[in-house]
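Single-letter residue listing:
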Amino acid sequence: MTARANRQGLLLTGLGILTVALFALDIMLGSVAIPFKEVFNIVVFQKSENTAWLFIVEKIRIPKAITAVLAGCGLSVSGLQMQTLFRNPLAGPSELGITAGAGLGVASVMLAGGSSAGMYAIRELGISGSWLVILMASLGSALVLSLILLIAGRVKDNVVLLIVGVMIGTITLSVISIWQYISQPEQLQEYIMWTFGSLGGVTQYHLFALAAVVLFGLGIAFISSKSLNALLLGENYARSMGLSISRTRLLIMISTSLLTGSITAFCGPIGFIGIAIPHLTRSLLKTSNHRILIPATCLTGTLLMLFCDIVAQLPGTESVIPINVVTSFLGAPVVIWVILRSNNLRSSFS
Amino acid sequence: MKGLQPVLETTGLSIGYRSKKVEKVIATQLDLNLYAGQLVCLLGANGSGKSTLMRTLAGLQPALSGEVMLDNQPLTALKPQGLATKLSLVLTERLETGNLTAAEVIALGRTPYTGWLGKLSEKDQEKVNEAIAFTGTDQLLDRHMNQLSDGERQKVMLARALAQDTGVIMLDEPTAHLDLPSRIELMKLLHYLADETQKAILLSTHELDLALQTADQLWLMEPGKPLVTGVPEDLILNGSFESAFNKNGILFDALSGGFVIERQAQSYLIDLSGNEKQVLWTKKAFQRQGIRIEKGERARFKINALKDQLGANIWEVIFENRLIKLHSIAELLHFIKLNNEKK
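Going down the list, the sequences are from chains A and Y.
As numbered in the numbering used here, residues 1 to 350 make up the first sequence, in order.
As numbered in the numbering used here, residues 1 to 343 make up the second sequence, in order.
Isolated chain Y (complex conformation) (with noise of 0.2 Å):
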């Protein structure tokens, strides 16, 4: 990254809030960059200034001190028109506009160029236009907010966002509502977008899966430490996200990326090998029951997990010299914890 300008850059900034008397500081000392082309993913637990930081980087609330630049230009000195033409917004609040069509909605990302009436015009319909293909919101422009599933709508407003034409796009838990399909989806297309329009776009966001698959760069928030920044896979080495949400009970797995519910675990003696996939699920399925594996020199379940000549599952456990065939991982569970106990 050296060598390049960053779109928007921080030095030293705080933020918190401050009232007349009282000054809550929330984070300090901030030097951020963000980088044209980037997908950067601000994770942190609820409470840790996640969306102060967004609220302060968009200009909607003052920083306690420090400054924000956008485009070379301190923040400050930006007039609200001049900031829309570098900046957009995609926010939690639940719109209740049943009314406008997306369309409509659409094109009201067109209102910092617009002139007195806010009629389109051509320059202004081909940005519109293009941020609807980006999006695949063609099929949605006839129908009216109120009709959108929870995804569209977040689609449309991403649409809106870059008929804004801006450099930098923020987006404050743009997932938060979404199923799980829509989620990926979201994310999916904004890493593709960062990567196409060559904008810089942040988002907070609870999805740590999803932010270690799709983001450029973390930022993580920890309340009452220094925020972390980083490519995902140097923040998993180094241990930064470990020590950000390790909470009792829930352990980050370093190997896979996951977390995992830590349990009162049992051992057993259990040699498990066999099919790939299906050694995997019975793993989780073990880590799950609290079923820890031990590997120890006379295995007392030795479990060969195979597919028989019809492509079925199947699970052979040789348990006191005897040869078992299970077909699910139910029963498998099933058999080892009857077995157990019965010593």
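Extracted from the complex, chain A is given alone in its bound form (with noise of 0.2 Å):
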């Protein structure tokens, strides 16, 4: 018990390092080089005496690190969920199609706003165009989860369960396609954009909303430990044990559908990472104790998202790829892992 406990504390402390020494590294490195002297005086001090590296620091990296850490915990928790719930291996917000929920929301402002509702224009609205934003993903996100909900109640089958997921991501994609088709050129070119995943378009103000939504998230996140972890013995058990599943599943959707809703809003679709963290935490801590699980996801999730971002900006070169992409990347070998790894999907859920 002891030896256990040492060993899941030693890792998640050196994950914890590791974390610190990433955030430290992706405000370092960027597309501008800055000398590490440097953006170690503007992050401590606050002061430089080239004003053009105070700003790129201040008002893009450290807000962009900070979205990152933001959506790495939102994502990876909510994936979380989510395989708990449906007691799925393969469930998480961009397979079963929340995330392209939370895109239908995101376009209803974008697109049928009229002209005058592109991103930017939302942006200048401040606080109250964000909150319109992530008010609408979410809502986007909590339709597409309760209809998963609803099937998964009659679907035992995982795979048929994740088909029907897919499927419905397919119809809510399509749904915002054929808005795009009837939309103005100048509305389209800020979607495709929004598709492809950034975390740097989230400004201080807008950092503000998210971080304080993203926390709301985790908070109902980890009061629900206990009712996620009655619920890994089944439905039945959970309810002998006094647990009320219809409000443990509410709290576990409202949960999840302002994590992948607020974070899909501003970054985009960021696919893999919710899929993939909980697989990587949960066999690298050898528990499925969600009152460790919940923290440590936190960490791996911020840890490989930020990981992601010094990726993405392909340091030495003053080119920088979508965020969407490198998940992607990183992210879908593992499912390839998960899936080989467990012959058998409809009993393995671990």
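If you are wondering where the hints come from, they were derived from the structure by calculation, not from laboratory data.
The structure displayed is predicted, hence computed values, not measured ones.
If a hint is listed, it holds; no wrong ones were tucked in.
Here are some chain Y residues pointing at chain A (derived, C-beta under 10 Å):
1. Q81
2. V105
3. L108
4. T111
5. T114
6. W116
7. L117
Negatives, chain Y to chain A, calculated, CB over 12 Å:
8. Q5
9. E9
10. G12
11. E23
12. L64
13. Q73
14. E122
15. K123
16. G136
17. T197
18. T229
19. N275
20. E294
21. K337
Idealized CB from N, CA, C, for every residue including glycine.
Join these two chains into a complex; the hints should help.
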């Protein structure tokens, strides 16, 4: 017992140190080369001789790194909750179409709002605009999630549920496509840029809104950790231990929708983090206990997101690739590994 | 049992399924009592409604009519949390929680009592330790659930139900996936627990022999017939047991308390005597081979089962005035068949 706890403690500490290091590295590296000493000065003393550097670090790099932390935590914890709720190792926000639902919410704001409702216009609206996007994206996520939950009650097969999720995602995306088809070219460009995913589009104002919603969602997830643990034994056992299934489902749904919705609204659809991180964390810590898993997935999620962001910067060059591309490159192999490792997905939930 | 208050009591209970229009009734007019300290086995063939009854009593499924009282409170009036402190379950479904350790699963039994984070208090830990001691699972605690054998896993699930500290424990076919030694061990443990902890334990099972040996009460379910309850021996003597389980080719033997497979038997004039144990198993072998012993004036085979000086089993057969020594039941069966056909 203690040997296990010690090992887990050691691992978590190591991950923590690594996260801090990557956070620092993420701020130091970028398409504009700024000496490390200067970056240190700007972060610690908030001053620099070069005002352009001061602006880049304070207004771009630090918010972007914080966004990476929020997205890493939020997406992976929402994936973890979905995997436990559906008792399905292949559940995740992008796999079951939840991200597509959030995309529908975003499209409804960007494309339907008329010519003045582009992302820049929304950004100019400041706080109220960001709340609107978050609200619509979360509602979109909740819509798809409740649909999937309804179907999951009838379908017991993991793979079938996954296919249904992919199909619902496809339907949602085609609704968006119709919308795109009848939209103005300027709006389209904005929307398409959004679909590539970017951690850099979040300004300080929006960061406040995003952080508030993500922390709220994580809070709900942490409060649900006891219920999530009981759900590991299946719904019948959970009920026999006094758990109200409908209330637990509602809480998990609210948390997942807020996390996925808000992050997708600002960073675009980021794939594979939600499904891959919980698996990596479980096999690293060898536990399914959510009281340990939720903080631990936050750490590993942050770690991988920061790493992806650093890779996306292509350090040493002046170009940047979309974050979505990087997460898919790293995440998809994990999903393949999960499928191969568990020969029979119907019975292996780990 | 008179004067004693049952922990669980049903009056005029009807169980079954109700969809929008159709009502499928499985059993009606059930007046059942479950007392503290009793081990009750619910027996019945597949499809007799055992699971439906268990699910209804556990509150997982609504009753069609009638009432279930748990600790003098109607089951329907209890909130999930309250119900969880009075009744715990061990289900047939296989768990797919490979990454939980046995200790973590047992600790989950304290869910109805712990705070919002599920952290165990000193009292919770005490109850968990008690459950571990009762079930002898202390060697398994650090292992993951997927590393345990079926029998070990079932013991861990039972420990979890014990940790839940309820007056009633219900187990749905707990012996289903187990090998014979594990089955016997589990039934022995349940019998001991009911006695020691004064809990009421209800389990559904197909293990008739084990149920007969361990249960304080039996509930016999037959499709389309009223549920019969009683002490096992009473049910055997009044014929309820036979009527519930006799099928084509299978007979309940009220003398031995076991089942026999009926065979087209041929009568042989055999006189069998000797060492009690050898005689018993020789008879069983005859029964299996369709050799019916018919005692007559002039037995063709006179068999005396005994042990020789070295303690080995031998069968002395007197056949047509000759004495033949045989050293196993196989030889004996062969000998009888061979010589009977000759004639």
